[in-house]
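Here the protein sequences come in this chain order: A and B. Residues 1 to 187 (the numbering used here) are what the first sequence spells out, left to right. Residues 1 to 187 (the numbering used here) are what the second sequence spells out, left to right.
It is worth saying that the hints were derived from the structure and are not from the lab. None of these values were measured; they are calculated from a predicted model. Be careful, since some hints might not be right.
Pairs of lysine to aspartate or glutamate, EDC-like flavour, derived with a Cα cap of 16 Å [stated by the list, open to error]:
no.: 1; chain 1: B; residue 1: K168; chain 2: A; residue 2: E162
no.: 2; chain 1: A; residue 1: K168; chain 2: B; residue 2: E162
no.: 3; chain 1: B; residue 1: K90; chain 2: B; residue 2: D76
Number of protein chains: 2
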Amino acid sequence: MSTPTTPSVVLYISMSLDGYITTKDDDLGWLEMVNGTGEDYGYFEMKSRMGSYIVGRKTYDVVRNLCNGEFPAANDFDCYIITRQSIPNKENITFFNGDVADLIKELKAKSDKDIYCDGGGEVVRLLMDQNLIDEYIISIIPTILGDGKRLFLGEIGGINIEAISTTKYNSGLIQVHYKRNLKPKTN
Amino acid sequence: MSTPTTPSVVLYISMSLDGYITTKDDDLGWLEMVNGTGEDYGYFEMKSRMGSYIVGRKTYDVVRNLCNGEFPAANDFDCYIITRQSIPNKENITFFNGDVADLIKELKAKSDKDIYCDGGGEVVRLLMDQNLIDEYIISIIPTILGDGKRLFLGEIGGINIEAISTTKYNSGLIQVHYKRNLKPKTN
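Extracted from the complex, chain A is given alone in its bound form (with noise of 0.2 Å):
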């Protein structure tokens, strides 16, 4: 059980076969499909190797109107929300305006565990304009939402990344895992 010597930034998150997070109006009772099965889909183990959590200010808003204004991330981790704006900060919470990348700079120079990001698509877009996305761990939830708001924005470059495996569960997701590849690009 030996610790990484260079902690990762893991994108771990649920989309629809089509590729959409959540649908247009904040919806999310569909990822119910998938629980209530006592499979964690590795969220246990992941969430032992994370000591920080980065999440949209939009995904922020809608996890505490579900959550009665509570944001339980931050029972477990030290966390940071991604926003434009100026808006001080709560216990475990630090709302973030600056450049995402010297974010990420700082969080790997101060802990060796890694950095857990959580969506939504403009904050992965904001990490893969600059390739800052060490894992991709991306669980398929077996129904297609025929519209909704995307995980993967577009408008950025092109990434290389190597598979590392996939799973298919009883419930019917489908967990596909990543890392990012620094080769050269070459298509």
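Place chain B on chain A using the hints.
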């Protein structure tokens, strides 16, 4: 080796991890990264099940441009090119500008072999909008294109699916396989 009693419409297609089937300028060179390994990713078995082939007119043109004016699928299948225009047919190639639901009904009635849909996004949306795709076999190429033409264009209703399997190949290609599930949608 029994023949299925009702033919299936099978979407058998590749996309990047971020959901693109081609770059904005229709470059397909990035697909080469998974070729040349001797692995056919189930294509031979899939091809043997198929009698007809459906593709959009734009994708048809892209393929013909890549193949010096030839359309190789016409050597193997009864091909239907979905278009809004009225274009004279060729040997094994029918240009179809009617309702795709009528075409699928006709093809299912006339042969017990399956129907291969090869995209692009607009034809996939047309078929999905009427829930006409019976199987989704999607090969996720291990790359992030960053931008391009999407497989799933959105603006349709939700569709119930059931996961069948997932396979990671040595090249890093991860194939996911789903079938349509006709039970009432609960989410």
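Each hint, compared with the structure:
1. B:K168 / A:E162: 11 Å, holds
2. A:K168 / B:E162: 11 Å, holds
3. B:K90 / B:D76: 14 Å, holds
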